[in-house]
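Asks: Produce the entire structure from the sequences given, and follow the hints as far as they go.
For the sequence shown, the positions run 101 to 426 when the working numbering is used.
Derived from the structure by calculation, the hints contain no laboratory data.
Every residue gets a Cβ at the ideal spot worked out from N, C-alpha and C, and that includes glycine.
Treat the hints with caution; some may be incorrect.
As the list claims (entries may be wrong) - Derived lysine to aspartate or glutamate pairs resembling EDC-like cross-links, with alpha carbons at most 16 Å apart:
id : residue 1 : residue 2
1  : K406      : E382
2  : K319      : D275
3  : K340      : E422
4  : K335      : E131
5  : K397      : E364
Stated by the list, open to error - What follows is a list of derived Cβ distance ranges for each label pair:
id : residue 1 : residue 2 : range
6  : K385      : F337      : 18 to 24 Å
7  : I149      : A169      : 16 to 22 Å
8  : L200      : Y128      : 47 to 53 Å
9  : I149      : M425      : 19 to 25 Å
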Amino acid sequence: MKKVLIITYYWPPAGGPGVQRILNFVKYLPENGWQPVVLTVKSGEYPEIDTTLLNEVPTEIPIFRTSTAEPYTFYRWLVHGEKAEKIPTFVLTESEDENLLRKMSAIIRGNIFIPDAKIGWRPFAVKKAKEIFVSHDISLVFSTSPPQTVNLIAKKISGQKKIPWIADLRDPWTDIFYYHRLKRYEWAKKLDRYLERTSLEKADSIITVSPFISRMLQKKIVNRYHVIPNGFDHKAFIGKSPVENKSVFRIVHTGHLAGNQNPEILWDVLRSMILENTEFRENLKIEFYGRIHSDIKMMLETGKLKDHVHFHPYIPHNQVVEVMMG
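Replies: Right, dumping it as structure tokens:
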């Protein structure tokens, strides 16, 4: 069986959306004739921790974890102090209390750490990859981003070893939805675009999660594009039971919700419906699982939907399945 080196920053016990896609790739690649060898970090800056995902990692998969230099660890402490919590990158870009220190830190973060704050992992990963090639006959390099640093790592390894590289982009690079809030100077933007172009041009193939992202990239980077949408693992639903009865009309959002992702039209429609339909008003339940931007929470908790809205913290993925079935 051919071996593929999987380069991923997000790997169990990391939780959240970034780990689900690659974890399931690794689980099912052997059924398609490929043996994964995973290269990741020992202790990354993860927005969520979900130790239950460790149980889903096949025991026969070689996992190599390396040290990393995390500049964001210091940044997070500097801005938030001892009570700092790990939060997603897109939340970092929309600070809800922008004092001078936050603004300065954001400027440093956006203009020093290019393409992203995981750049400190690159030398450690490249060194470990060389060791992996000694003990494993690798036929393919596969990177999954963000963070985009993994593409720099994959490009380096692929070039040194003269083997193909497939880049899996779960999100765009310089076109990601929060990019304009990174507070980057023009020279930093040019450097990032240069890294994007010179890296992805070297990939032997590029995978995206949607035709839209592929079309966006095709306009500036010539390559072979393939679309593999985000899906679900049907086996995760076997033996699970709904958590509530079907008489309740439930709307469930699992995951993070940024300030610019507020579905205001949906709230307007629901407000109208609860005014017009008594039965609907009595049975409507809106639930959020994960980190929700404070502006959205405030709007819902103080408006006409306040009696129908329920906020919950992040829960393990196996519990999310039961919630979604309800």
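Asks: Is the straight-line distance between the alpha-carbon of K319 and that of D275 16 Å or less?
Replies: Holds: K319 and D275 sit about 12 Å apart, inside 16 Å.
Asks: Within 16 to 22 Å: is that where the Cβ-Cβ distance between I149 and A169 falls?
Replies: Given a distance of about 21 Å, which is inside 16 to 22 Å, the answer is holds.
Asks: Starting from the hint 19 to 25 Å, judge whether the C-beta atoms of I149 and M425 obey it.
Replies: With a Cβ separation near 24 Å, I149 and M425 satisfy 19 to 25 Å, so the hint holds.
Asks: Against the 16 Å threshold, does the CA-CA distance of K340 and E422 hold or violate the hint?
Replies: Distance of about 6 Å is within 16 Å: holds.
Asks: Taken at face value, is the distance from the CA of E131 to the CA of K335 at most 16 Å?
Replies: Roughly 15 Å separates the two Cα atoms, so the pair holds.
Asks: K406 and E382: Cα distance at most 16 Å?
Replies: 13 Å, holds
Asks: So the hint says 47 to 53 Å: do the beta-carbon atoms of L200 and Y128 match that?
Replies: Taking Cβ atoms as reference, L200 and Y128 lie about 49 Å apart, which means the hint holds.
Asks: If you check the beta carbons of K385 and F337, does the distance land in 18 to 24 Å?
Replies: 21 Å, holds
Asks: Is the hinted pair K397 and E364 satisfied, with a Cα-Cα distance of at most 16 Å?
Replies: Holds, because 12 Å separates the two Cα atoms, which is no more than 16 Å.
No hint from the list above goes unmet by this structure.
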